[in-house]
Amino acid sequence: MKTAERRELEGLALEVRKDIVRMTGVARSGNIGSSLSLVDILVYLYWKVLRIRPEEPHWPARDRVVLSKSHACPALYAVLANRGFFDRSELWNFRRLGAMLQGHPEMVRTPGVDAPGGSVGMGIGIANGLMLASGFDGLDSRVFCILGDGELQEGSIWESAMKTPDLGSGKIIALVDMNGMQMNGPVKDIRNIEPLREKFESFRWTVAEADGHDFDDLEGAFALALKRADEGPSVILARTVPGKGFSLAEKGLLGYPSSPMNRERMEQALREMESATGGTGKGEDL
Amino acid sequence: MKSTLEGFGEGLLEAARERKDLILLHADMDAVPIIDPFVSNFPGRAINCGVSEQDMIMTAAGLALGGKTPVVLSWSAFLTTRAFDQIRTCLAIPGLQAILAGTHAGLSAGEEGVSHQMNQDIALMRSLPNMSVLVPADAASSSVSVSLSLDHPGPVYLRLGADRVPDTCTDRNADVRAGSGRLLREGDGITICACGIMVHEALKAAEILSQQGISAEVIDCFSIKPLPSQQILASLRRTGCCVVAEEHNLIGGLGEAVASLSASENPVPVRCVAISDRYGQSGAPRELQEYYGLTFREIVGESAQAWSMRRR
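In the order they appear, the protein sequences are chains V and Y.
Just so we're aligned, residue 49 is where the first sequence starts under the numbering used here, counting upward by one.
Just so we're aligned, residue 90 is where the second sequence starts under the numbering used here, counting upward by one.
Next up, chain V with everything else stripped away, as it sits in the complex:
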């Protein structure tokens, strides 16, 4: 990846991170740790991979994104707003009564949200159906399913993952945001999901691994997954840092994962993010 391209993605990721901090800060709730870990993956996906038309969110031939770890919706909302699906001012109503942006995504309310969610463990199954539908219509769209590592404890994930390789020449690419944390602590201590590569391989998925905060690495993993897309499903295991970019969240000092954000913490996070990147971001009065 060229330096300029990487810089551009890093700039976008910074804006998205700041928006996540602002929206959870204003709402005083929302899953910040799980959202910040996902940012770089979503930025790469939405700016470099997806065939979408933000001005025509229901374009039938679009690629689909199923956010299975839907508690990380602040990240999705910030990406969709910055990608032009709706006005950024909607972000400041996150979780409010009547808001377009619900605490967990409600597809009928939000342009750009392609699938229902809120109850984890359902993404691969929905992706299977979406892929079948595009196959019936002869469309070339691809389905990207964003999973969390904690949610892989749900049995329904594996029911669906077992089916995907038999669905024909579909194009399903799953990404696991491996931030290592779940509601009550480290995933490995609560219910160990490893060895994950072997699990997916034994379910006949192609497995790629990446540093989920390194755009060059993500580029390589996506390239591999897309190259293999005609042969069967792929999964990218992306190692990430929970709360990436905000020291309190990274250190787990906010309490995982639904961190009680407030104005003070929001300002601290914004200062940290600004200074880490030389303070290029624009100020925002909320």
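Heads up, a few of these hints could be off.
Claimed, not checked - Derived, one-sided and incomplete: chain Y residues facing chain V with beta-carbon distance under 8 Å:
{"hint": "1", "residue": "Thr148"}
{"hint": "2", "residue": "Gly151"}
{"hint": "3", "residue": "Gly155"}
{"hint": "4", "residue": "Gly156"}
{"hint": "5", "residue": "Asp174"}
{"hint": "6", "residue": "Leu239"}
Said to hold, decoys possible - Quick list of simulated restraints, FRET-style, between CB atoms:
{"hint": "7", "chain 1": "Y", "residue 1": "Pro218", "chain 2": "V", "residue 2": "Asn141", "range": "18 to 28 Å"}
{"hint": "8", "chain 1": "Y", "residue 1": "Gly139", "chain 2": "V", "residue 2": "Pro234", "range": "27 to 37 Å"}
{"hint": "9", "chain 1": "Y", "residue 1": "Gly156", "chain 2": "V", "residue 2": "Lys236", "range": "52 to 62 Å"}
{"hint": "10", "chain 1": "Y", "residue 1": "Pro255", "chain 2": "V", "residue 2": "Lys247", "range": "44 to 54 Å"}
{"hint": "11", "chain 1": "Y", "residue 1": "Glu103", "chain 2": "V", "residue 2": "Gly268", "range": "50 to 60 Å"}
{"hint": "12", "chain 1": "Y", "residue 1": "Asp117", "chain 2": "V", "residue 2": "Leu274", "range": "26 to 36 Å"}
{"hint": "13", "chain 1": "Y", "residue 1": "Val128", "chain 2": "V", "residue 2": "Glu53", "range": "45 to 55 Å"}
{"hint": "14", "chain 1": "Y", "residue 1": "Gly184", "chain 2": "V", "residue 2": "Pro243", "range": "37 to 47 Å"}
{"hint": "15", "chain 1": "Y", "residue 1": "Gly156", "chain 2": "V", "residue 2": "Asn240", "range": "37 to 47 Å"}
{"hint": "16", "chain 1": "V", "residue 1": "Leu301", "chain 2": "Y", "residue 2": "Asn219", "range": "33 to 43 Å"}
{"hint": "17", "chain 1": "V", "residue 1": "Asn240", "chain 2": "Y", "residue 2": "Gly139", "range": "21 to 31 Å"}
{"hint": "18", "chain 1": "V", "residue 1": "Glu242", "chain 2": "Y", "residue 2": "Ser129", "range": "45 to 55 Å"}
{"hint": "19", "chain 1": "Y", "residue 1": "Gly156", "chain 2": "V", "residue 2": "Arg55", "range": "17 to 27 Å"}
Keep in mind that the hints were calculated from the coordinates and are not lab data.
Quick caveat, the model's predicted, so the values are computed rather than measured.
Every residue gets a Cβ at the ideal spot worked out from N, C-alpha and C, and that includes glycine.
Using the hints, position chain Y against chain V.
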């Protein structure tokens, strides 16, 4: 005599001819005789999801999101319980169009026993906003229920039985509309609301009641949600008392729906013939029906009670 499952199969073939977007998903139900004709008529449009009801519902949701009309078939007992979260999250909340056909419902799983019989499904499904619930009484109305469900934008739970049942009405298209009941017998002494296999029992009961001087009006409430409220209330205004008969637990079914309607709009005695909050056991379906008190005899008894309680 055919089962409502067989009637559903006929309606499904008809609907699939008209609607190219209709896709059948089932959870390893090849042994059910309606699958073969569908597969041979519409190859590639039936998907055996294996014994994985949760994945089947999620897949159905994905198909619906992609513009298809999924029709899902499984045992009622497993479809409505194992995949309840998926039904709620993936279909009911977004209001996606789908038919959920739950077969072997009620006591019709017979000898399979309690795990396979299902008498809580109506309660589960009707508690979900956006979900419609249809309980056809015979093969003909079951067949019509398919196209009826497809005219409806949201998800529909279609409750089917595996046991053969008599026809309750000769006119195939008689008034089978969502939100409307089929008026099968007019009367002004008592209103009998019934659904599923209890419609036939209600007609038998009405015959006996007429010999006793009570003129019973029989409404086939095959559309449990939306309930044919105006039709039921109009009948209650004439009769002043009501019996509800259903092959379901006493809790959460048609009985409670009608009782609640009456309580708020026109309080009259409403008595229920249903399973009294217990589980089933192995046995022939008809034996079970007798054992759990789901016959015309109970309807006659409850009707006499309700009739004597009415305000004069």
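- Double-check Gly156(Y) for me: the hint is only fine if its C-beta lies closer than 8 Å to a C-beta in chain V. Because about 6 Å separates Gly156(Y) from the closest Cβ in chain V, which is inside the 8 Å limit, the hint holds.
- Message: A closest beta-carbon separation below 8 Å is what the hint needs, so does Gly151(Y) meet it against chain V?
- Response: Nearest chain V Cβ about 2 Å off; hint holds.
- Cβ distance range 37 to 47 Å for Gly156(Y) and Asn240(V), holds or violated: 40 Å, holds
- Cβ distance range 26 to 36 Å for Asp117(Y) and Leu274(V), holds or violated: 34 Å, holds
- Just tell me: holds or violated, for the beta carbon distance of Gly139(Y) and Pro234(V) against 27 to 37 Å? 34 Å, holds
- Item | Interface hint status, Leu239(Y) versus chain V (Cβ within 8 Å) | 17 Å, violated
- CB of Asn240(V) to CB of Gly139(Y), is that within 21 to 31 Å? Since the Cβ atoms of Asn240(V) and Gly139(Y) sit about 27 Å apart, the hinted range of 21 to 31 Å holds.
- Query: Do Leu301(V) and Asn219(Y) keep their Cβ atoms within the hinted range of 33 to 43 Å?
  - Reply: 42 Å, holds
- Task: Determine whether the Cβ-Cβ distance between Pro218(Y) and Asn141(V) falls within the hinted range of 18 to 28 Å.
- Result: 24 Å, holds
- Message: Against the range 17 to 27 Å, how does the distance between the Cβ atoms of Gly156(Y) and Arg55(V) compare: consistent or not?
- Response: Since Gly156(Y) and Arg55(V) have Cβ atoms about 40 Å apart, the given range 17 to 27 Å is violated.
- Item | Per-residue hint verdict: Asp174(Y), partner chain V, C-beta under 8 Å | With a closest approach of 5 Å, the Asp174(Y) hint holds.
- So does Pro255(Y) sit 44 to 54 Å from Lys247(V), Cβ to Cβ? 53 Å, holds
In this structure, the earlier hints numbered 6, 9, 19 are contradicted, and the remaining ones agree with it.
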